[in-house]
Amino acid sequence: DGGITQSPKYLFRKEGQNVTLSCEQNLNHDAMYWYRQDPGQGLRLIYYSQIVNDFQKGDIAEGYSVSREKKESFPLTVTSAQKNPTAFYLCASSWGQGRGGYTFGSGTRLTVV
Amino acid sequence: DQQVKQNSPSLSVQEGRISILNCDYTNSMFDYFLWYKKYPAEGPTFLISISSIKDKNEDGRFTVFLNKSAKHLSLHIVPSQPGDSAVYFCAASVRYGGATNKLIFGTGTLLAVQP
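Listed in order, the protein sequences are those of chains A and B. If you read the first sequence in my numbering, its first letter stands for residue 4, the second for the next number, and so on. If you read the second sequence in my numbering, its first letter stands for residue 44, the second for the next number, and so on.
Don't read these hints as lab results, they were simulated from the structure. Treat the numbers as computed from the prediction; the structure is a model and nothing was measured. Wrong hints could be hidden among the right ones.
Unchecked claim - Far from chain A, by Cβ distances over 12 angstroms, these chain B residues were calculated:
no., residue
1, Q49
2, L54
3, Q57
4, S71
5, K81
6, E85
7, T106
8, K114
9, H115
10, S117
11, H119
12, D127
13, Q157
To be verified - Stretch by stretch, here's where chain B covers chain A in the computed footprint (C-beta under 8 angstroms, at least three residues):
no., region
14, 41 to 53
15, 104 to 116
We put the CB at the ideal spot given by N, CA and C, even for glycine.
Just need the whole structure built from these sequences, with the hints factored in.
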């Protein structure tokens, strides 16, 4: 049963800590994406990757980092440099250029305490 | 700069009636449009899409209309059902970074279908 798995579902971070959000897909999709959702702001693109070992910054990449060492995995690290990290984070994947739409994971809710 | 706008944050309709969700965009380079449905604490799920060379696409109870001259997109749900209650995101596809397309999302409209 193919899909995208994000973990954990809920994550709490102390001020000044880095945290890593996991995203794994078994759809054999080439491209993977990270979005952030805030109330009233829709989904904003953080990073995306078209192929293994390559990734590009999205619209709000500051304070985040990613890696793409395997086709199936695209973890997102929220660093201490991210000024307002509390949000709902969504990972997605797609074939090629994504014209067929993205498949999204179920999301991770990150809260800074 | 919000290139994809959903000006109605919420919409309430009676079960069995038509739901019309609207979306406006500013970038004439968008060439593909999609609608996603999202329940709380879940990821969005793809609903329906339309290419910019068409003006209508229908899939069961869902129809998307595209008016390129007005840069306006709408999603019609007929008849509306209580299970349709969710947040609906409009998204537009644009070439980004030379070799790929990315989706730009609107802010979403919360649809509530009353039994």
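Worksheet item: Okay, which hints does this one fail, numbers in order?
Response: Structure breaks hints 1, 5 and 6.
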